[in-house]
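A.B. asks: Sequences listed follow chains A and B, in order.
In short: position in the first sequence from 1, add 402, done, that's my numbering.
In short: position in the second sequence from 1, add 13, done, that's my numbering.
Just so you know, the hints here were simulated from the structure itself, not pulled from any lab data.
Certain hints may be false.
Derived coverage of chain B by chain A (criterion: at least 3 residues anywhere in the stretch with Cβ under 8 Å from a Cβ of chain A; other residues may be distant) [stated by the list, open to error]: (1) 120-126; (2) 133-144; (3) 490-498.
Everything numeric in this text was worked out from a predicted model, so none of it was measured.
Even for Gly, the Cβ is constructed at its ideal location relative to N, Cα and C.
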Amino acid sequence: MPRVWRRLRRIRRSNFVVTTLLITALVLMVVVNFDSEAEVFEPPEAVSRSPETPMVIPAGEPIVLGFSGPLTGPAARLTGILANAAIAGALRWKELNGDLIHGHRVDLVGEDDGGTEEDVAVVAANLLLARPRLVGIVGPIFSATVVATIDIYADAGVIIISGSASRTDLTLTQSEPGFFFRTAFTNALEAPRQAEILIERLGTGTAFIIDDREAYGIDLAQSAVAPLRAAGWEIVRESVPQGTVDFSETIARIGSAGADAVIYEGFNPDGALLLGQLRDSGYTGTFVGGDGVVSQVGFLDVLGDRAEGAILTGCPDTLSGDFLRVWQAGGGDTVPPIIPFLGSTADAAFLLIDAVARVAEPQPDGSLLIHPLKLRDAIAATQTVGWASGRAIAFDQQGDRLGSGADTGLVACEVRDGAFVEIAS
Amino acid sequence: MTNAPGKNEVPLAASSITGRVALWSIRHRRRVVLAWLVLIIAGLGACFMVPADTDIDEEGTGESQEAASLFEERFGADEEPLTEFLVVSHDSLSVNSRVFRSLVNGVVADLRALRTRDTFEVLGTNVEGSLRFVADTTTHYDTGLPRTASPFVTRNETGGDITFVLIELEPEFDDAIDGVGIFTDVIDRAAEANPEFAIVVGGFVTAEEQLSTILEDDFAKASLISLPITAIILILAFGTLAAAVFPLAIGFAVVGISVGVMNLISQTVIPLNDSFAQVILLVGLAAAIDYGVYLVSRYRRDRRAGYPELAAVLSSMGTTGKAILISAMTTVLALSGLFFLSSATFTSLGLGAIVAIIVAVSMAMTLMPAWMAIVGDGLNRWGEPFIGRGFDAAEGGGIVAGGIDRMLKRPAIYAPLAVGALIVVALPLFAINLGLDGIRSFSDDVDAKAPLLELEENFSLGLVQPASLVVDAGEEGSVFSPDVQAAIARLKASVEAETASPDNPDGIFGVPIRTRTNDAANTQLIDIPINADSSDPDSIATVKRLRSELIPAAFADTSAEVKVTGATAGTIDFVDKVNARLPITLAFVIGASFLVLVVMFRSILLPLVAILLNLLAVGAAFGIMKLTFQDGYLLEGLLNYEATGIINAWVPLFVFAIMFGISFDDLTFALGRVREGHERGEDIDTAVRGGLKSVAMTILAADLILASVVGIFAFMRLIAMQQLGIAMVAAVVLGALLVIVIVMPALLRALGDRIWYFPSWLNWIPVVASDDAALRAIYEGDGPGAELIEAERARNAAT
């Protein structure tokens, strides 16, 4: 299309028509639909926050619940789905308790945190914290973002509950008092499960373990080494930067190593690209991937037959009927997309709002006071059954979810006939 | 001698469809006016209440479109990420200096922190998304290369370094343009705070946003000049404010109703490119004012000839009204030619213009007679004696009539001379070089132009609009298969052999070549910078060579297919499409116009003459446009026009469709008068002399108005708009002065009565031109409408 017509489209017709009418002094006004312009976000002035400083929600103002994830970029689709799960959590809480918390609405704000880009994550955290009525955050989605921001949120006394960040040491390294919780299982559970399946199926052999040089992938890869070595496996480690598209050199080394199994700990599309190129090169060994590669759209659909036989951990857990109903009522697809962490993210949103409702102190002027430490303690004391996952949720002293294996929602599966089929524990 | 009818002569009027419609409108004049008021309000309501659905799927054409579609399908994105270029230089500092690094990284950090906001509601819960504006950035510092090896750095003239930063934007085109202000603010602040550095940003989005602003400003400024001129000409033409206001009011009513109708069409039939509003403003105003001028002028002429008011109304509608109807039909047919381009944009433009013409002619056929019947001689209020009686009162005299007389005295000399002159002016048309605007053709007022030219000077302009190769390994294939990788390597090697470097400064290709692979790994996008503007002949030749030589040679042994897209490839394919569709469009427009005119004039030669003269006028206008903008011979100094060597490929066809139709207003109006004389039994000399002289001043006034409306475009700063404006103004001026005043009278006189030749085997064609009998019956108190005339006579007698 000639670009000039794109330019013409952009002339606001109001301008020339109004000019015309002024000149001719005619009453006839021809003003047609104004183009709606994207709103540009102007961050408010910084808000003073600390764990000891109560958060004040003025009368009539909404309570703001944050969501942190890469809303743009390669992971935008995954994040969008998890954001919808968080919205479902909020809708479910309202369904059970009414629309208001002591007369205050609950609004949601999603902040684009760049996923694995540290500088963007920090910007996102500061933007969220600059919102005066923000009381807590669902997320971050990615472990790398948690690493980059955990201290920022802790210093501000703002709760973050992630339904998906699984790097093991996230909770172990957080400073006191800890404001980070997660409803997700950890890599410390996931990687041994991968090893367990390989040992069951192959006994022993050589494992070529690849990470994507990101916080989550490195941790998961390292967590897989020990249990395999203990079972007599020979381990070859490799790191390939996230965003790699051509794995030919890595595949050559896999061939040289005579690897019986390749374990990829990273995200799609890298994981799918690696497996596709592996199969195209004639490799017939076992492929194992973590929750970062589990996806109907990003893995099964892309790879087709080449995905057959792949073993994955962090596969979608069974979801409650309530979740499916609320998901659909909120405008979601009839069947939620096949990705991990839907239930744990929806549970996280519900828990956070519920805790806020419990600790919020209504004031005579209609405002609300929320003490960060009380909110943290309320969440830490959680003992419930997740409304979406249907699994028990409680946290240990570090903020990790109590439980081991399947009771935390960790599911292993194998691709058979183009579908994820659960592998029994 | 004039052919104005005396009191006892019978004016032509109302057995034709226009006469009958006018009669009905006069009988129900108040209801007609009321109905149009309701329609105007409804139209304006639709403008306000029904937003246009502009979600069009604008398809390109040819291989570039196939590549774009494949990209969209395989990458799941409408377009590649939009890229901007931040260019930073310092007179003496190297990029290795701490200050330089700190500045670049600081600006990049600020850009990466930008956000836009999207809000929505889910079951009563407000949700807000705060999204990044910048998706990714790449600086010299990210490459890890030493400055001498970095494609991002070069030495500037003063010994310092110049570097650029690749900035990929997150939003898609429209949203990016809406939000780009926050982006340029960051750059402006950095430039202000660091005056020792030159910091500029440019790219497709910033340039388009600035071009849009310029276009908007220019349109407003040009309107401020043009529209008062239009009003003044109208007042001068009619000599009274009352007569001048109504055509103008109808013009705006046409615009309002047409935009409302198009909004409804876009919502219910097909989404449209909302540029239709500009076309409606142009065509709607021009047509409505033209029609109004002709009808009012004819009415006043008949009144001066002594006809009763209603008879004058009927007469003007039966004669001039019919010419207007035929002209409108011809215009609609001409505009339909735009549909042959199979482009959503051109379809929108054509449809908008057609709707405007239909609304304008409908108002002319019904509202005008009703209004004239109500107002009657009130048309002459609010003017005399201050302004005079208007141009239309000067019929038969003045310079124009004198010119016609002179032409008719020596037709054998003037006709060939004038036709020859038009042909000479039109001849350059055959060497026209069609293309699309490149970056260098941007106005210097576009801030983004300077950094882009800096990119061109120091790196490669091809970074902005590279040749984009889409490598398709097949649905089940992989671009990482050895044969495809080998082919890609061969292609890159052949490109690198022609890449500009210190050893090969004239190399046509630039660096870096960028690649993207889709998730399924069956498609790869390879962006190859070409060191030339997208419309430059070198760039066009290079893309053609990529398609015909380099790619086939590199991919000969693979099953992978490669298609080339990008700005240059798109230009090549668009020009090819225009050239391919041009013959069928011309044939349709000319053929259909010929048939309509044959029916109207019951002549074979007259339509041929009309079409030939119209083609000559439009052709000569294109010649002037070519001489001005392609060759730089005319107006370059006078109006600060820049000759870029290309004519925008869409301009000629668009101008042809619009002007071929609108010019027929003049021709049919003038030839209609000649035909009237012929029907009264006048010989060709008398019919031509009387007919043309009686309308010459009116046509001149109408064309002055038309020129002032279309001339808006000639004063804009965008070259494509200037080309559009000059071509249309030239077509109007040549059509009015050369064709109507000089060529047509001489040519008709030279052809003599042969002009009325009509083969007998065509007699089955219905007669639409003769109103004599019906009007005679009216006048004699025996036909439809006669009772109105009689009643008016009685009223006149009583008062």
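A.B. asks: Which hints, by number, does the structure contradict?
C.D. replies: none
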